[in-house]
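Colleague: Below are the chains, spelled out letter by letter.
2 protein chains.
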Amino acid sequence: MAKLRVQAFSISLDGFGAGPDQGLQQPLGAGGESLHEWLIPTRTFQQTHGDGDGTSGVNEDFAARSFENIGAWILGRNMFGPIRGAWPDEAWQGWWGDNPPYHTDVFVLTHYPRAPIRMDGDTTFHFVTEGIHAALERAKAAAKGRDVRLGGGVATIRQYLRAGLIDEMHVAIAPVVLGSGEHLFNGIDLLKLDYRCVEHVSSPEAMHLVLRK
Amino acid sequence: MAKLRVQAFSISLDGFGAGPDQGLQQPLGAGGESLHEWLIPTRTFQQTHGDGDGTSGVNEDFAARSFENIGAWILGRNMFGPIRGAWPDEAWQGWWGDNPPYHTDVFVLTHYPRAPIRMDGDTTFHFVTEGIHAALERAKAAAKGRDVRLGGGVATIRQYLRAGLIDEMHVAIAPVVLGSGEHLFNGIDLLKLDYRCVEHVSSPEAMHLVLRK
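If you read the sequences in order, they're chains V and A.
Mapping the first sequence onto our numbering, position 49 (from 1) lands on 49, and the numbers just tick up by one.
Mapping the second sequence onto our numbering, position 27 (from 1) lands on 27, and the numbers just tick up by one.
Only chain V is shown next, with the shape it has when bound in the complex:
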């Protein structure tokens, strides 16, 4: 069965998945980049976003797994861009330039309809206004038997968590304090939702945890 998976999602030691004051200048909020220090140097990340070879090891293993067998993505609107409210025009096409790192259909949750955008590298952004269940149905259909990756952000993951729709979740705890921002698990009873930690391994840069129902 195709799964809904969260992968390579980083939180601070005090539980925040993004810092305060998110916006165009700091999409991850104040201090948010420090959550990803385990990920940036990896081969998987560097081959997509960088220019070098990147590292191997535990962090790379999780980075590579995060793209394995993914047939479609779901993103919250704030992860797609900093624009709130109705789309002013068609200019904003995501943070990622002409060739986004998805290479699949990507379903963006929004309250405001918009025509799909076909990007280079087989990424197509679809805008879903019918809610999280509809987005999941469309993503599963598009994934053709492969899994669907839920990219975030925090608010979107929390919605899917509460609805019990996430099958597997890889969280990386970074050894940094954020203090405020968007908390991933606050007020969500993971045990009542039947999640258990089924795998855990640490690198010097992060503690990797895999939760599964």
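Where hints are given, some of them may not hold.
To be verified - EDC-like, lysine to aspartate or glutamate: derived pairs with alpha carbons at most 20 Å apart:
hint	chain 1	residue 1	chain 2	residue 2
1	A	LYS192	V	ASP21
2	V	LYS192	A	ASP21
3	A	LYS192	V	GLU33
4	V	LYS192	A	GLU33
Calculated directly from the structure, the hints in this document are not laboratory data.
Given chain V's structure and the hints, the job is docking chain A onto it.
Modeller: Showing chain A alone in chain V's frame:
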């Protein structure tokens, strides 16, 4: 300068320092013991509470550090015992038997006065009704230049954190889900309180983090 230190304090991956339904039968709440799986096998713990030699390594290093240069302890009342409200009599003398593992003066925060209890092994329990600042003053005086260890529980640590009185804090994140219970950092902005992660190292059983102002 003598410090106020929290040491070897374990939380779940979702941030709880104790599970739900704490009481005489499960002082750490449901699932709470699983937080301490990194600690129990260590030499330091086994030499105090067990019968064997115990392990060495990263976990043992942190277990041993937790007792180094400690001249007095502060405990919340719920950590001293399960009794709530006024003391019915003098019968309850803590969870630890005749020879508790403190071997110093221990200042127990309570709203209900009680005479000190002198135990074996140089542990004396003092009951402080004048609040957290008074307890810290008395503990520092008793520690004679050595540090004061704040043993917990969660509510007591949160009080001292918010008051900005904790100098150093070693937290161990265990790879377990608790789902509910007492959350250590919820609603506390560690960054605003000037805490930074100054040291981190992981074992297969826990991620050890040291926070300092």
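Colleague: Check each numbered hint from earlier against the structure, then list the numbers of those it violates in ascending order.
Modeller: none
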